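Trainee: Given chain U, put chain F in place with the hints provided.
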Amino acid sequence: MHKQIFESYQPLDRSSLIPLLQDVQNIYGYLPENALRDISDFVGVPLSRVYGVATFYNQFRLTPLGKNIIRVCRGTACHVKNSANILYALESELGIKAGETTRDKQFTIEVVNCIGACSIAPVILVNDDYHGRITVKDIPKILKKYQTTTSAAKKSEKAEVAE
Amino acid sequence: MVQLTINGIKVNAEEGMTILDAAKSVGISIPTLCHMKNLFPSGACRICSVEVEGFRGLTPACAYPVSDGMVVETDSPRVRRARKTIVELLVENHPQDCLICVRNKNCELQDLSERYGVREHRYVGETKSHAIDISSASMERDPAKCILCGRCVRACHEVQKIGAIDFTKRGFASIVTTPYNKGLNVSDCILCGQCILVCPTAALREKSSVKEVASALYDRKKYCIAQVAPAVRASIGEEYNMPLGTDVTGLIVTGLRRLGFKKVFDTNFAADLTIMEEASELIHRIQNGGALPMFTSCCPGWVKYAEMNSPEILDHISTCKSPHEMEGAVLKTYYAKKMGIDPKDIYVVSIMPCTVKKYESARPELKEEVLPDVDAVLTTRELVRFFKIAGIDFNDLPESEFDNPLGESTGAAAIFGTSGGVMEAALRTAYWKLTGKELDKLEFEQIRGMEGVKEATVNINGMDINIAVVNGIGNVKQIIEQVKSGKSKHHFIEVMACPGGCINGGGQPIHQKPEKVMKRIKVLYQIDENAKHRRSHENESVKTLYREFFGEPNSHKAHEILHTKYFDKKKILNN
Chain U
1 MHKQIFESYQ
11 PLDRSSLIPL
21 LQDVQNIYGY
31 LPENALRDIS
41 DFVGVPLSRV
51 YGVATFYNQF
61 RLTPLGKNII
71 RVCRGTACHV
81 KNSANILYAL
91 ESELGIKAGE
101 TTRDKQFTIE
111 VVNCIGACSI
121 APVILVNDDY
131 HGRITVKDIP
141 KILKKYQTTT
151 SAAKKSEKAE
161 VAE
Chain F
164 MVQLTINGIK
174 VNAEEGMTIL
184 DAAKSVGISI
194 PTLCHMKNLF
204 PSGACRICSV
214 EVEGFRGLTP
224 ACAYPVSDGM
234 VVETDSPRVR
244 RARKTIVELL
254 VENHPQDCLI
264 CVRNKNCELQ
274 DLSERYGVRE
284 HRYVGETKSH
294 AIDISSASME
304 RDPAKCILCG
314 RCVRACHEVQ
324 KIGAIDFTKR
334 GFASIVTTPY
344 NKGLNVSDCI
354 LCGQCILVCP
364 TAALREKSSV
374 KEVASALYDR
384 KKYCIAQVAP
394 AVRASIGEEY
404 NMPLGTDVTG
414 LIVTGLRRLG
424 FKKVFDTNFA
434 ADLTIMEEAS
444 ELIHRIQNGG
454 ALPMFTSCCP
464 GWVKYAEMNS
474 PEILDHISTC
484 KSPHEMEGAV
494 LKTYYAKKMG
504 IDPKDIYVVS
514 IMPCTVKKYE
524 SARPELKEEV
534 LPDVDAVLTT
544 RELVRFFKIA
554 GIDFNDLPES
564 EFDNPLGEST
574 GAAAIFGTSG
584 GVMEAALRTA
594 YWKLTGKELD
604 KLEFEQIRGM
614 EGVKEATVNI
624 NGMDINIAVV
634 NGIGNVKQII
644 EQVKSGKSKH
654 HFIEVMACPG
664 GCINGGGQPI
674 HQKPEKVMKR
684 IKVLYQIDEN
694 AKHRRSHENE
704 SVKTLYREFF
714 GEPNSHKAHE
724 ILHTKYFDKK
734 KILNN
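If you're matching them up, the sequences are chains U and F in order. Letter 67 of the first sequence, counting from 1, is numbered 67 in the numbering used here, and no numbers are missing. Letter 11 of the second sequence, counting from 1, is numbered 174 in the numbering used here, and no numbers are missing.
So here's chain U without its partners, still in its complex pose (with noise of 0.2 Å):
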């Protein structure tokens, strides 16, 4: 579904393999290895440079997102009140690192630099809710609203797609 894409690009193009990236992730929420594959036969880039690309730049993703997305703010305000003890504690509570994905695709834990809600750190961001002030007692509370919503369910229904 993503070669549709390729239609509003120039084949062999060097200049749009960043941009194609983009696009495909959009679909998928992730670039899976397929697409790769197409990309670089379609902007006449080696896979290996494609897949160096993606690897550099922070905004692609290599593996699908859990149907919840945890942004855990890392920003000097939040570092100030102890957001890598909050971090930490989710990162025991749900037994993934940041960056990777619960084995049941329940959620995604990634860090950001600020989410600018700097008076409300430290600040975890589930989906599109803001959660401030929060301790790590509040965690396990936090994590068990979302287990059963299904609001990003949309996302990972179109990762699903692409497998």
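Because the hints were derived from the structure by calculation, they are not lab data. All values derive from a computational prediction rather than experimental measurement. Be a bit skeptical, because a hint or two may be false.
[As the list claims (entries may be wrong)] Simulated restraints on C-beta separations:
# : chain 1 : residue 1 : chain 2 : residue 2 : range
1 : U       : I18       : F       : L252      : 26 to 34 Å
2 : U       : V80       : F       : L252      : 27 to 35 Å
3 : F       : E606      : U       : G44       : 34 to 42 Å
4 : F       : E255      : U       : K97       : 49 to 57 Å
Glycine included, every Cβ here is placed at the ideal spot set by N, Cα and C.
Mentor: Same frame as chain U, but now just chain F:
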């Protein structure tokens, strides 16, 4: 012309020249790591930093052009300090195992560390750790030893135009690797080894077979036979401080005998045999409307490339096995029978300038009745190490001759090691086969030399035969496109994956002297010129072989033993 001052010396330089080249012209050596001659400067490593009067920071000499009145200091305290710091940082994030490293004493990082007097560990911190990629049959990749200079990446992308490896991730996590870090065996890599030749450290190296060859030599039941490729005799002397371009055939033969090989044969014999088969195949194709143009099949890197990228042209590739496989096949059939040796006991070791030959010898279809034609392949570099272990003082060896009958060869076989050589040898024999006469002038100057694609037309018996010679696998794409679209006017195309041919193969001695290729090529042409016979069909032992065993070229028996087949490997790669 511009005039500048480097270290107080007045230098006249051409416009557009880099500071690096201008300094070199007056005998000032500026160290480099990421720099590659003839490629666009990358300026990544900063080891060539120099001080230019009026500039705020240090300037990379490899990338900055000279200008009139420029005043450059290449060895000021500031420059030295900067370079030393760069080396210290590289050394600190590099395994400290020089004593047991295969590139010990031939390592650019080691040389730089010595040059800038690094004597202590000033920076202590996290060091990278990566697994070694041993997935391929020919090569090992050890990213922990990589200093990220990018030379292998550029050799792969810009010289060979394959692009199997590249920089991935960023910052401290940066690593040069294959897509998805999956291993060379499932990448686009053709195992040509050009990356090994440019690697400053041991991050890229061949997969060593010295151990298994050594144990075969100690096995009393085994009848060990060595064969030597043409390109090895023109290069191995470099490892023993002999001048570039020294022919050391006789010394290699003696050395191999001392290692314990019962017989030492010449791959050149099989090169003559290849020509008999390949020239006959070409004539057969031309006369019977077979797939044309026909490609040569001596280079396993090229064959691997075609199988992975253009399976639709596989029937254009000559079905002849490569010379060392032919030699092995003849040894385990004809020779075994003649000498009354059980083929199972024969252990054939090829000494090759090539890394792909290791992969080739492991190909399942190249096994005669479940016996491999060739049991092990040693590169030129491995042989040097083997000689060292065995205490063989190469420089002081007496010369000796190859054993017979598989040691006799003509001048046509010797030039197999260089780009254009297979073609030239095939033309000499094809001319004779088609006309019954001998060529007056044996040298085909148009197809000699280093140019990527060389073309010529030869008139034989009133028929124009169009030929092309390709060296450097990056140049083959255009030729393949012509064949695919049916626009190719050629009859016969020779392809060698390495720039310059086998003489510059991935298994050859490592040093960055640009004149090495031409000097080595000269040796082979010299051998050809001085040879008693210069046409493959004049090889008496080959004639005997046909009389006693194969009958004639392309006979049924010859097809069974000397020919092979190719497979579409595109699908394997994409899954």
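Trainee: Work down the list of hints and note, for each, if the structure agrees.
Mentor: Verification of the hints:
1. Between I18/U and L252/F the CB atoms are about 30 Å apart, so this pair conforms to the stated range of 26 to 34 Å.
2. For V80/U and L252/F, the Cβ-Cβ distance of about 32 Å falls inside the hinted range of 27 to 35 Å, so the restraint holds.
3. Here the CB-CB span from E606/F to G44/U is close to 40 Å, well matched to the stated 34 to 42 Å.
4. Look at E255/F against K97/U: about 26 Å separates their beta carbons, and that is not inside 49 to 57 Å.
Of the hints listed earlier, the one the structure fails to meet is number 4.
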